[in-house]
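When the count follows the working numbering, it moves up by one through the sequence shown with no breaks and lands on 301 for the last residue.
Quick caveat, the hints were computed from the structure, so don't treat them as lab data. Think of the CB as a built atom: it goes at the ideal place given N, C-alpha and C, for glycine as much as any other residue. Incorrect hints may appear among the rest.
As the list claims (entries may be wrong) - Each pair of labels, with its calculated beta carbon distance range: (1) 216 to 82: 49 to 57 Å; (2) 145 to 218: 39 to 47 Å; (3) 177 to 81: 17 to 25 Å; (4) 245 to 218: 28 to 36 Å; (5) 125 to 78: 25 to 33 Å; (6) 237 to 257: 32 to 40 Å; (7) 145 to 211: 37 to 45 Å; (8) 211 to 261: 24 to 32 Å; (9) 196 to 283: 36 to 44 Å; (10) 139 to 217: 31 to 39 Å; (11) 258 to 83: 41 to 49 Å; (12) 256 to 215: 17 to 25 Å.
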Amino acid sequence: MTALQSFYENPAVPVASGHARSRRQARLLARALGPVRAGAPPATVLDIGCGDGTAAATAADALAGHRVIGVDWSQDALRRAAPRIDHVVRGQLTDDGLPFATGSADAVLFSEVIEHLVDPDAALDELRRVLRPGGHLLLSTPNLAAWYNRGLLLAGIQPVFSEVSLRAIHGRPGTQVVGHLRLYTARALRAFLTASGFDVIRIAGAPYHDVPRPLRPLDRAACHAPSLSSILLAHARPIPSHRPHPHLATPPQKKGRR
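Work the whole structure out from these sequences, hints included.
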């Protein structure tokens with residue numbers, strides 16, 4: 044087991060996210076999927092990197108009637124998620140890929156995961172594979188250019204969300220180490236999703252649950268300008284004709300495992 048894998052299996056590492064982000068993301072997806080029709084099969088929603096299931100539980104009301112499957116690499120996270128999500132599956136985006144057939148998912152929730160990945164390009168390739176044509180990707184990630192980070196950088200202070208060590212926080216506000224490897228601005232996230240074969244429908248903003256209480260009204264107001272918000276929420280759909288660049292393409296994934 045690598046040092047990074049051991050880090051995420053540590054029960055002390057936070058695996059939950061803010062309720063406000065989860066609710067906003069679930070409402071975006073519910074509007075995209077539309078109402079559940081009588082007699083129609085429920086939509087299959089994969090919560091990739093489900094953590095302890097808190098986000099899925101928060102989203103349950105908005106996604107009522109749909110089939111939500113929690114997927115995580117961490118056995119400890121899945122153990123904690125099982126009471127909150129009807130179906131949980133162990134899977135990862137690397138090596139053999141996710142244990143789902145090509146085109147088997149109507150939607151993917153990818154919440155606060157991409158910032159933890161060594162190879163986000165391969166991850167998005169795999170998400171495109173499991174999504175059906177016309178499916179929905181709802182991705183959220185911290186915003187490097189959040190309103191307070193712009194001020195911190197001007198003062199020569201390490202931005203919130205960025206980490207230089209897996210052992211401790213150095214040079215920025217906060218105390219929790221959560222393993223962030225990559226951070227995005229709204230512009231960078233949109234460009235990255237487009238280059239990865241997704242049509243970006245919308246980028247919205249969400250507040251950050253750890254903002255000090257006196258600053259929370261300002262943080263909520265910043266959501267009206269997503270490029271300044273604490274959290275970026277992207278809604279995108281796979282482009283059927285997209286082909287990865289031949290020099291960047293990852294090896295074919297095994298398919299049909301469910």
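Verification of the supplied hints:
no.: 1; hint: 216 to 82: 49 to 57 Å; in the structure: holds, 52 Å
no.: 2; hint: 145 to 218: 39 to 47 Å; in the structure: holds, 42 Å
no.: 3; hint: 177 to 81: 17 to 25 Å; in the structure: holds, 22 Å
no.: 4; hint: 245 to 218: 28 to 36 Å; in the structure: holds, 33 Å
no.: 5; hint: 125 to 78: 25 to 33 Å; in the structure: holds, 28 Å
no.: 6; hint: 237 to 257: 32 to 40 Å; in the structure: holds, 38 Å
no.: 7; hint: 145 to 211: 37 to 45 Å; in the structure: holds, 42 Å
no.: 8; hint: 211 to 261: 24 to 32 Å; in the structure: holds, 28 Å
no.: 9; hint: 196 to 283: 36 to 44 Å; in the structure: holds, 40 Å
no.: 10; hint: 139 to 217: 31 to 39 Å; in the structure: holds, 35 Å
no.: 11; hint: 258 to 83: 41 to 49 Å; in the structure: holds, 44 Å
no.: 12; hint: 256 to 215: 17 to 25 Å; in the structure: holds, 19 Å
Consistency with the previously given hints is maintained throughout, with no hint failing.
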